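Chains as they are written, first to last, in the working numbering: chain F, 1 to 1051; chain X, 1 to 308; chain E, 1 to 126.
For the record, the hints were derived by calculation from the structure and aren't laboratory data.
A portion of the hints provided could be inaccurate.
[Stated by the list, open to error] If the Cβ cut is set under 8 Å, some of the chain F residues that face chain X in the computed set are: (1) Phe25; (2) Leu26; (3) Phe30; (4) Tyr788; (5) Val814; (6) Phe827; (7) Met831; (8) Leu857; (9) Gly928; (10) Ile935; (11) Val942; (12) Tyr984; (13) Tyr990.
[Unchecked claim] Have a look at the derived ranges for each label pair, beta carbon to beta carbon: (14) E:Gly61 to F:Ala4: 18 to 26 Å; (15) X:Phe57 to F:His975: 30 to 38 Å; (16) E:Ile23 to F:Asp8: 18 to 26 Å; (17) F:Pro903 to X:Val300: 37 to 45 Å; (18) F:Gly208 to E:Trp26: 49 to 57 Å; (19) E:Ile23 to F:His207: 26 to 34 Å.
Computed from a predicted structure; not experimentally measured.
All C-beta atoms, glycine included, are put in the ideal place defined by N, C-alpha and C.
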Amino acid sequence: MVAAFFTDVMLQPLGIYVLALGAGFLVPLFDRAHRGSAMLVFMGSLAGMVAIAALNLYAIINGAAVIDIETAGIAPPFAINLRFGLFEGGVVLAVNIAALLGAWHYLPSLKQHASALLLYLILVMGINGMVMTRDLFNLFIFIEITSIATYALIGMERTGTVLAAGFKYIIATSVATAFFLLGTIFIYYQVGTLNIDDIISHGALIHGPIGLIATLFVLTSLLIELKPYPANGWGLDVYETANSGIASLISVGVSAGVFFALFKLLPLMDAYLDSIAVVAGATFLLSNIIGLKQHNAKRLLGYSSIGQMGLLTLALVLLEQLDAGAQIALVVGGLFVNHLLAKAGLFWLAGIVDRTNIKDWASIARRPELLILLGLMFAALIGLPPFPGFWAKWELVMLLGSADQYGWILLVLLGSLLEAAYLFRWFSHARKRDDELTEHVCSFWQPAPVAIAAALLVAIGFGMAGTMDLDVPAMFLPLLAGFGLWLIDGLPARVKQLAMLLAVAAGGYWLTQELTGINQLFSYLLVAGGLLISIATIYRNDVRNGFYPLLAVLLLSLAALLRASTTLEFFFSWELMTLSSYLLITLARAGIKPALAYLLFSLGSAYFIFAGFAAAFASTGSILLADLGNVSSPGLVFSLLAAGFVIKMGGFGVHIWLPDAYAEADDDFTAMLSAVVSKAGIFGLVIIAAQLGIRSDIGLDPAYVLGWIGILTATFGALMAVFQEDIKRLVAYSSMGQLGYIVTGVALMSHLGWVSALYLTVNHFLFKGILFLSIAGIVLRTNERLMYKMGGLIKNMPVTFVFTMIAIIAMSGVPPLTGFGGKWMLFNALMEKGWYWIAALAFFSSAVAFLYMFRLLQTVFLGQRKLEHAKLREAPAILLVPQVVMIAAIMAISAYPKLLLDPLSAAINPWIANTLVWDGFALQTHYGYWNAPLIMAIVGGVWMVPLIILLLVSLTMKIQKVEQFNIVYAAERPHRPEDTHFAYNFFAHYDRAIGFLVRPRATAFWNAVIEWSHTLGSSLRVFYNGNGQTYALFILMYFVAMVLFNGGLGS
Amino acid sequence: MIAEWTGKIANFALTLLIVTAYGLFMTAFIERIIAKVQGRIGIPYWQPVINILKNFFKRTAVSHGYMFYLGPVFRIAGGIGTLAFIPVIYGSETFSNFSMAGDLFLVIYFMFFGQLGMALGAGESGHPYSAIGIARGLSQMTAYEVPFALAVISIVIQYDTLSITEIVAAQQGGWQNWTVFTNWVATLAAMLAFLGMTGYSPFDIFLAPQEIPIGPPTEFHSAYLSFMSLNRALFGATKLVLFMNLFFGGATGLIELMIKTWLIYMVAIVVGVAFPRFRVDQAIRFFFKIPTLIGIMSIVYAQMMLTS
Amino acid sequence: MSLIADTPISLIVLCSGLALVLIGLWGMLTQRNMIRMIVGFSLTDTGVHMVMVSIGYVTGGTAPIINDAVPIAEAASRVVDPVPSALVLTAIVIGLGVTAVMLSVAIRIYKARRTLMIDECTESKW
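Chain F extracted, bound-state conformation (with noise of 0.2 Å):
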């Protein structure tokens, strides 16, 4: 008998709500005995629906029959009935394992009343019963159990805020659970049933102005329960205000209940789904944007849950309007099950901390558990890789690709992009190390639950890929790599440097092995190049906690990105790229601000290539990369992906974020950050630009703009670091000018141009590693940045200065190192395609370049030396032999350029015929010729012959070598390196000239589009008045507008 009840009640749904009550009656009975036991009784009755739940969905997963629940014993339409199918099954899941982790969390306040433990048991179950019921007055039964409960629950606080802001909250949603009582009575009228199945066959019978009111009063009171803009402002006072328990039950359970009743009750909704997508894209969109201008942590996430609801709904309708059911178990699924453990563990984060402002998050600066889920909850919640939002959002975004619904995937990624700036600008404020706050306790267990939902999300984001077209192992090795090199984050230094190189050598091989062709070589410059230069990361040995396996996942993402054969492998690995150079900027001392343009950059590039890939997906239905030459507007496609891959770059105008984060990240980060990291935009430039340049023959034009942007970006790159005093700085704008060339280079189209193009990418790698690698050395010993602060190192590190100045003419084009190849082919192929005026301007890029070239060499190594310097010592060995490297390789390169041409040329051969001519060893284009060993061979004899002279000289000639200040001054002796050493403000001469040319515009018009998006956000967040009356007058002309908005009474 018990056994039976068990198998045929408990472990059936039904056991849920039995579960529920039946733990509602023992645990006040309970709690007179023994506070205990009544909460061993509440949290097992929560894990027993828990465990419910997962039983119930595994059978159905299995192939067991939907569960259909007749109460009472009589069929519908005459009794309630509840479902358990697979989407009611899932639901309820995810919203009882919240509830349960919930109560985890809340348990110290919940304990306080056993009255409380028993309105929460009630609160989950009336969710349940939303999710489960089939019948609609029921569905208002089971609204407003769950509402009294919220009530109840935020009434039991007795701070008068937290009050107000419920009694808004009950005045808001009692009226709007009027006008769906309202309309269920009419539909019922003109049904004459309350089965929602019923309803939904006899849909036909709603009509008339009747039909109309009854639908919209539904639709709107459940619109209006998901929180739509404008009429929410009841919704964020309690997000604000209440509990962070009750907050996130709100946000995520109540929210996961109405979500799902309106999907039910989609059906009838078939005449008004594009007011819902309306609705949910602005609120969406609207949201975001007034996040922006919120410092208060949780409004923020509440703005950010109403956000993410009116994605969800706006998932569900656009999906039911493409027709595209199948996918809604993915895309709203997954974006459901993100944001449910998402906002739920950032709420409960919040509660933990209990720092109202965000810039009080500072608190947790010295707490890595905390910002580590911080971290990726925020990440999970951005749709960032592998969460579940990630799936979801590709899948969404390709789908509205392919329906050409360009302007939902503009408000899409707009929207995420917004949430990303202010949800990151949170973490900044967390990462930030400020000695005034008083550091955050909490005890071991307290973030346990949200530990538990980043876990979950996690798993279900593995999950999930296993279901997309995904070479699963391959990709998610940087992740595994990265996490196995954190488990082992607290052996000392030196073991984690070995460790991490020899991992990224490994899976880097493994990734790259089988590349060909232009992946190959890119492989070289990535994982080779960037495991040569991870060398030099050895010559600090501190903790660098975080450092080595975000390194490895950054490598090894790389390596991931060159081996992606489909846009989805190619997307992922970009964001995982993103996302682990964020964070390693984040790492340095000063990096957090920098850091946090350069994600808002990069995502906002990720954001471009993605709609890149929708709309080629679109054309092409495939996603295969090779097919991107299929698609029928390559215009289109080439311009969204080379927008994406400019802005990786630092292209001119959306390059304010570079020198910021090179100049602030770790030395020898920033090395790696400019010599490869940046060569990831190149390679997808260069791969689209062969799939999309030469294949499918596009109009010049893109190209053509291209290549104007990528020689404004060399002129205005090399310009604005003649301006600089800070050494890092300088090269970083250097690196954006370096860069610049290549994308004319690409941009060409052509044979020579792709040659140059790629030539000058390895050059650049050679040049500014050996540059940013040296800097390291510099700031190391000088413990300066600006260069005027330093002068005359040359006697001190005379090693660094030659292997610096060897760099700079490799970059400078100078003959007859490496750079003047680079030029010449560029020149040569500008040329030959009549781009006469960019070839101009490159021309005079490359004459400005030698102005912060000298700069440098002049302002650090020459002149006269601080005299606190004169003690400082070379730079450590281990920076210097990745430098002595990549110095043997220019000058190999510079003797004998077939060695990279040949394989150039071979890897680009498959794509344009090959137009390289050999004589000899002399290089030939229709303008000229140059023979590379030549030119060497000269050159040596040039110098070698006074050289010899003057050493000859020197035998005869008493030389004396002479201390510092000894040189005719104004016929007096300096005495202090101060005065003497002429650094600061190098190029006044030419600021006064053309220095208008570099007013930051460029930081002003972003800074620009800040203010506005501040001043929008503002603007817009006028209705929150605060006043619970407001609030309600919102909510009436919400109906009414909707009822004009379709049409009103005359239909």
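Place chains X and E on chain F using the hints.
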């Protein structure tokens, strides 16, 4: 093979000798002209040679460090190398130098070699005036490079080649084929740039030769200075040869070479004695206005020539 | 008088129900005192209940008890629809619950802040 290259090297040594000697002669010649204009007698013709020899055999010298020591070496290597890549006399195997190593583009970029090396050497001396001079000189260089580059592009369009030999070859057959007549716009732009390149007034502030010891050579003395003076003569003559090749039909004999280069040089001298000095920022702005405009027109002009 | 007499009773109930809803809404939107707002809510709620009852009423119908007086065949046209009446009972109970919670929250607000004016409770906003 070895004999061939030995011959080439010997030929080049001869060219080098002649051009240097000519450059030294010209230096003195010009100094004398300027002196006459200013009502002085001027220096004897052999004065530059004397200066160089005197400096070369000084018994003492100081060194500020190895880069300082190498600066003059870089400088003169730049001069010699630039000459090595330019064919001096059209049709003459002896005077074709090593122009098979690279084209016009190589020459233009190799010009920086000596300047950069010398700048670094001067920098190590620690003298602020050196650095100031270099900063000014480089800035001015970026400005006159613009009309020059535009003019070069224009003639590359016109002759459809980057090879100096071929550019000269295309101008043979009478004066009417010289660039200055076939593409006067480009020549005008290039000659304006040439004014900046030679470093005579009004574009001489980076050296400021009269009043203060400023500019790169400030700290150089003895053998270093003799290297630099030697290079000044050599490099100056080399640039003249380049301009002659590009715009004035080249030369088929030494006499033609001397007359043409002297005349080209006179342009800079006449302007130099007639105009006062620009500040650097004024000079930069000057080059970005009219000369750049002319340069732009020269490209349009060359394109029109091709289409007509 | 005859107008009202001729009008079906259900229409009168329906119209007064809708009127009550509007009056209640008006009260909730204009009365700043929370207790008065709650009264407004009660009016709205009652109005909704009246609408519900009116929907199921059949003019001249009898109680929905199927026996000798009302054969099954005629049931649909002769008896009052029992469902709305059943629903109304539930709705009333729920409305009562909501009102009770509202009042208790209002009382707590008064205890905490010494005011019942809704426009004095606007500190969380934007």
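Does the Cβ pair isoleucine 23 (chain E), histidine 207 (chain F) satisfy 26 to 34 Å? holds, 29 Å
Would the stated hint for phenylalanine 827 (chain F) survive a check requiring a Cβ distance to chain X of less than 8 Å? holds, 6 Å
Next item in the hint list is leucine 857 (chain F). Is there a CB on chain X closer than 8 Å to its CB? holds, 6 Å
Is the hint on isoleucine 935 (chain F) kept, meaning its closest Cβ partner in chain X is under 8 Å away? holds, 5 Å
Given a cut of 8 Å on the nearest C-beta pair, is the interface hint for valine 942 (chain F) held or broken against chain X? Since the shortest Cβ distance to chain X is 4 Å, the answer is holds.
Phenylalanine 30 (chain F) as chain X interface residue, shortest Cβ-Cβ below 8 Å: violated, 85 Å
Status of the given 18 to 26 Å range, CB of aspartate 8 (chain F) versus CB of isoleucine 23 (chain E): violated, 50 Å
Per the hint of 49 to 57 Å, is the separation of the Cβ atoms of glycine 208 (chain F) and tryptophan 26 (chain E) within bounds? violated, 27 Å
Using the nearest Cβ pair, does tyrosine 788 (chain F) come within less than 8 Å of chain X? At 11 Å from the nearest chain X Cβ, tyrosine 788 (chain F) fails the 8 Å test, so the hint is violated.
Tyrosine 990 (chain F) was flagged as interface toward chain X. Is the shortest Cβ-Cβ separation under 8 Å? holds, 4 Å
Hint validation: valine 814 (chain F) versus chain X, beta carbon distance must be below 8 Å. Holds or violated? holds, 5 Å
Distance restraint evaluation - glycine 61 (chain E), alanine 4 (chain F), Cβ atoms, bounds 18 to 26 Å: Between glycine 61 (chain E) and alanine 4 (chain F), where Cβ atoms are some 45 Å apart, the hint is violated.
Violated hints, in rising order: 1, 2, 3, 4, 12, 14, 16 and 18; the structure is consistent with all others.
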